[in-house]
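**Student:** If you read the sequences in order, they're chains Y and R. Using the numbering used here, read the first sequence as starting at 1 and increasing by one per residue. Using the numbering used here, read the second sequence as starting at 1001 and increasing by one per residue.
Hints listed in this document are in silico derivations from the structure and should not be mistaken for laboratory results. None of these values were measured; they are calculated from a predicted model. The reader is advised that the hints may include incorrect statements.
Cross-link-like lysine to aspartate or glutamate pairs, in silico, EDC-like; alpha carbons within 16 Å at most [claimed, not checked]:
#, chain 1, residue 1, chain 2, residue 2
1, R, 1092, Y, 172
2, R, 1092, Y, 283
3, R, 1140, R, 1152
4, R, 1121, R, 1157
5, R, 1092, R, 1152
6, R, 1092, R, 1157
One side only, chain R facing chain Y, incomplete, derived with CB under 7 Å [to be verified]:
#, residue
7, 1051
8, 1089
9, 1108
10, 1112
11, 1113
Each pair of labels, with its calculated beta carbon distance range [stated by the list, open to error]:
#, chain 1, residue 1, chain 2, residue 2, range
12, R, 1110, Y, 107, 30 to 38 Å
13, Y, 259, R, 1107, 18 to 26 Å
14, Y, 58, R, 1015, 54 to 62 Å
15, Y, 58, R, 1118, 27 to 35 Å
16, Y, 142, R, 1107, 25 to 33 Å
The beta-carbon is built from N, C-alpha and C at its ideal position, and this holds for glycine as well.
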Amino acid sequence: MDSYTISVLSNIGLFSFLAISAWILLIAGEISFGQQAYFALGAYGAGIATAVWQWPFALGLGFGIVLGAGIGALVAWPAMRLTGVHFAIATLAFAEFLRSGLNIFRYRREVGGYLTGPDGANGFRDIRWAYEAGVEPLGYLILIGGCLLSVIALVACLARGRGMALLRIVGEDPILAAMQGISVARVRIGAAALAGGVAGFGGGLYAHMATYVEPAQFGVMPGVHALAYGLIGGLGTVFGPILGVLVDIGALESLRVFSGYRMIVFGGLVALVLIVRPRGLLDEAALRRGLAWLRR
Amino acid sequence: MAAALEISGLTRRFGGVTALAGVDLSLLPGEVLGLIGPNGSGKTSLFNVLSGHYAPDAGAVRLDGRDIAGWAPRRIARAGVTRSFQNLRLLKRLSLYENLRAATHSAASGRELFWQSRAAKRRERSQLMDLLALFGLEDKADDAPGALTLVEMRQLEIARLLAARPRLVLLDEPAAGMTPAETARISRIIAEHVLPGRSVIVIEHKMPLITALCRRIAVLQAGVKIADGPARAVLDDPLVRQSYFGSRPC
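Model the full assembly from the supplied sequences, consistent with the hints where possible.
**Tutor:** Right, here's the structure in full:
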């Protein structure tokens, strides 16, 4: 595989984490423009853990996940009182607050004779685990794929148990959910923690692939795209957001025909899909039909 | 016999409007009470307070001896109170099966969030499918409720209500929007499947349904209970007739 293909596929994999994160909240009935914040938390958290504290890679990734999930739950606790547009604005506000915070966040320590760690707006260099461990880009792509599979497996478990059904019920009618004895607050905080953890997972992987992260990378645009991926791909299954990523990064960004027109085509596509299929290409009706077919 | 439900002095105000003005009402275990009254008399407000959707401003609601007034809806539901809604609250994006299953989640253990064993899934499926079959809806288990007729939607709501295994059932206009024939059908279904073994309060404007199901009727007017007693006596009460139909023009 040539290095261009590897880099496109790696990007597809990493963006899938962000897209699944936003998709989980969409299922729970909440629109978040701010999942890039948890991606950033994962990137910085995992990066600091391996580069500054010299933790093993897996532990560092785990720290990024816990940070994303923990802060996600913490933010959800007050924010879940908001719905619709108000919730969306709150998520956006938090993400921008975090990005501004990272611009002044300095945490540089001497490791092996060099100063390393986040340096405010100058970014965070030398997250060198992959380089030092001798992991080639292809190997790292396989690692990303494996991690993504583990997230898909987790969502599959939730779908097999009651978790996914709870998210969907609360997402569609929280008042009814409460009258069925369901704790809406707990489901919403759980969804936010799950979404934050998934984004943090992707962020940690991203930091170690790029070796360099800076606050400017975690602006509003990746968050808006992440949300759009689920809306295009569909809210029925976890493959919806991944399909959205494939369409955007796999085709629009990578094919030369679309060069320079990516955002125009993408915007048009979002509008078109939302008109024709408001819940995305692989929506709940598609899921219902699929399940009925499997049961036959 | 101790009352299953004992409401005393229940008051709820919305700004300057008093929707419920010190309502007293009690219900014996297994008793069926018809709740009638003109539009805006506080019937649905009473249900909303009983199910926890609104907190009362004053008064007590004792369910099997425990005061549940002001509890969160989730807690009241877990205590065994289930209601239906005047304008049907079904989950339109989920299958009929998942609509029923919605009533069973709160009783499940946290471990089942991530995993249900094959045996547990099969047991749950057979129970809920039996419930759907009771209403002849088993063939549509995987469809969305949007394709159902009004009567079928009401049946689905009743099935969901039963899936929660409630002790106290609050039915809010179960025959709203139905033809006389459909009303008779839903009335039979309620008599057959909902009433046995449960305390039930039914709000309805359609008297055939009320008289078919309830031996006792209470009447609300402007948030005040103006009559409560055996069905016939209450319906013949001149005060009730006047509040419902207005006085005869002279």
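**Student:** Hints first: check each against the structure and report whether it holds.
**Tutor:** Tested hints:
{"no.": "1", "hint": "1092/R to 172/Y", "verdict": "holds (8 Å)"}
{"no.": "2", "hint": "1092/R to 283/Y", "verdict": "holds (13 Å)"}
{"no.": "3", "hint": "1140/R to 1152/R", "verdict": "holds (11 Å)"}
{"no.": "4", "hint": "1121/R to 1157/R", "verdict": "violated (22 Å)"}
{"no.": "5", "hint": "1092/R to 1152/R", "verdict": "holds (14 Å)"}
{"no.": "6", "hint": "1092/R to 1157/R", "verdict": "holds (12 Å)"}
{"no.": "7", "hint": "1051", "verdict": "holds (6 Å)"}
{"no.": "8", "hint": "1089", "verdict": "holds (5 Å)"}
{"no.": "9", "hint": "1108", "verdict": "holds (6 Å)"}
{"no.": "10", "hint": "1112", "verdict": "holds (5 Å)"}
{"no.": "11", "hint": "1113", "verdict": "holds (4 Å)"}
{"no.": "12", "hint": "1110/R to 107/Y: 30 to 38 Å", "verdict": "holds (37 Å)"}
{"no.": "13", "hint": "259/Y to 1107/R: 18 to 26 Å", "verdict": "violated (56 Å)"}
{"no.": "14", "hint": "58/Y to 1015/R: 54 to 62 Å", "verdict": "holds (59 Å)"}
{"no.": "15", "hint": "58/Y to 1118/R: 27 to 35 Å", "verdict": "holds (32 Å)"}
{"no.": "16", "hint": "142/Y to 1107/R: 25 to 33 Å", "verdict": "violated (43 Å)"}
Of the numbered hints given earlier, the model fails hints 4, 13, 16; all others are met.
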